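Residue numbers (the numbering used here): 731 to 1120.
In case anyone wonders, no lab produced these hints; they're calculated from the structure.
Accuracy of the hints is not assured; some may be wrong.
Claimed, not checked - Capping the alpha-carbon separation at 30 Å, the derived lysine-lysine pairs in BS3-like fashion look like this:
id	residue 1	residue 2
1	K794	K766
2	K794	K921
3	K852	K921
4	K851	K921
5	K851	K773
6	K852	K741
7	K773	K741
8	K766	K852
9	K794	K773
10	K921	K741
11	K794	K741
12	K794	K852
13	K766	K741
As the list claims (entries may be wrong) - Ranges of calculated distance between the beta carbons of each label pair, as one might list FRET restraints:
id	residue 1	residue 2	range
14	Y1053	P1088	16 to 26 Å
15	A753	V962	36 to 46 Å
16	I1021	S952	26 to 36 Å
17	E776	P798	25 to 35 Å
18	T945	T784	24 to 34 Å
Values in this document were obtained by computation on a predicted structure and should not be read as measured data.
From the three backbone atoms N, C-alpha and C, an ideal C-beta is built for every residue, glycine too.
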Amino acid sequence: MNVNELYTEAKAIAPWMVEIRRALHRIPENGFQEFKTQAYLTKQLEAMAIPYTTQRTWIVADIKGGHPGPTVALRADMDALPITEPADCPFRSGHEGWMHACGHDFHMTIQLAAAKLLSAKKEALRGNVRLLFQPAEETVGGAAPMVAAGVMEGVDAVYGLHVQPYMNVGQADTRPGCLNGSTDGLNIVVKGVSGHASRPHLCVDAIVCAAQLITTLQTVVSRNASPLLPAVLSLGTIHGGDAQNIICDRVELHGTLRTADPTLRVQLKQRIRAICDGVAAACGATIELEIVTGYAALMNTPSEAERVIRVARSLLGNENAAYREAPSMGGEDFSYFLEQAPGAFWHLGCAPSQPAPPLHSRDFVPDERCLPIGAAIQSALVLDRMGMLD
């Protein structure tokens, strides 16, 4: 068996995949609220006679092979985004204000198709397949509680994918080591002393202090991180003040810290705290800092990233399966599965042409021709890990 034969099998069920994808697209749901999605997926697993268990809104299904060997896991995320879909989509979201604008409907469909392809060969499989359908990737993160519940026990390798509109259908990429950065939230409150704007010497101006803080925080990356290590600190919101003639006594700021290196992540958090303390002392204010721990950096096992590229190139050609030069600073909680077993996460091109609308856009319309490609490569990774791929 080789990946081209798997692709032929996947193309034969492409109409079924399109039907599945469009049905899932109609029922987008928030993280840990994917009840209709879970019911739809379990119905498909029952139709394939694949046993499964559920907890909260996640699903764990197992295909037991006919021969001993490794247990290989595949993961698909399930949740959607609070985006109103354009009215002209013929299979438009039935949940107004919600849309599968990040391609998770594609991920679930590809996983079901891989399950169908692999289940048909279960007597020949040299190992077992575990299917992880994960909630809440876009919000609080469903991977960590799944790991805590034991879904990775006995797993020897794990693979996941994400459709990407910056590549056309027929292209793929990944990289060894860091593929996605860590994602920590910053909640900052600057507290001063209010009073009349004409008598600032009797007050502590929280707006002036916040301005100093914002400027100084911009040195966290530029002067504390090696230019060879990706890192981003962005402040996304600022709120403060009541009137033009009142000295503000409270400013709230919210932002995010992204890093690709675990050691740098710790160092920059320490530096942010030191800057907050120093600016507060200089201004005579109080600065409260809360760092909300987000997703860990996604670290691909180098040998498994190489497996992805080798398998993808055998189907797509060397020019269409490439190594990314640098990681993305977008978050991805597949990282928690990779902390438990070797594996790799990779990107599947889904655009019909370039330029294409980005992820998380109401205009994001991935090309369904990528579905059998994703199913073939995911299935091939399982078989290759089992030593069954030509």
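Structure-based check of all given hints:
1. For the proposed pair K794 and K766, the alpha carbon gap of about 27 Å is at most 30 Å, so the pair holds.
2. Restraint check: the Cα-Cα separation between K794 and K921 comes to about 59 Å, which exceeds 30 Å; the hinted pair is violated.
3. This hinted pair does not check out: K852 and K921 have alpha carbons roughly 63 Å apart, beyond 30 Å.
4. Among the hinted pairs, K851 with K921 is inconsistent with the structure: their alpha-carbon atoms are about 64 Å apart, more than 30 Å.
5. The suggested pairing of K851 with K773 holds, with an alpha-carbon distance near 21 Å, which does not exceed 30 Å.
6. Pair hint K852 plus K741 holds up; C-alpha atoms about 20 Å apart against a cutoff of 30 Å.
7. At most 30 Å may separate the alpha-carbon atoms for a hinted pair to count; K773 and K741 meet this at roughly 22 Å.
8. Only pairs whose Cα atoms come within 30 Å are accepted, and K766 paired with K852 is accepted, the gap being roughly 28 Å.
9. Of the supplied pair hints, the one linking K794 and K773 holds, its CA atoms being roughly 19 Å apart against a limit of 30 Å.
10. Distance check on the hinted pair: K921 and K741 sit about 61 Å apart at the alpha-carbon level, beyond 30 Å; violated.
11. For the hint linking K794 to K741, the alpha-carbon distance of about 25 Å falls within 30 Å, and the restraint holds.
12. A hinted pair counts as satisfied when its Cα atoms are at most 30 Å apart, and K794 with K852 qualifies at roughly 7 Å.
13. Taking the CA atoms of K766 and K741, the gap is about 27 Å. The hint holds against a cut of 30 Å.
14. The given range of 16 to 26 Å is respected by Y1053 and P1088, whose C-beta atoms sit roughly 22 Å from each other.
15. For the hinted restraint 36 to 46 Å between A753 and V962, the CB-CB distance of approximately 37 Å keeps it satisfied.
16. Between I1021 and S952 the beta carbons are some 20 Å apart, a value that contradicts the proposed interval 26 to 36 Å.
17. Between E776 and P798 the beta carbons are some 27 Å apart, a value that agrees with the proposed interval 25 to 35 Å.
18. Between T945 and T784 the CB atoms are about 50 Å apart, so this pair departs from the stated range of 24 to 34 Å.
In terms of the numbered hints stated before, the structure departs from hints 2, 3, 4, 10, 16, 18, listed from lowest to highest.
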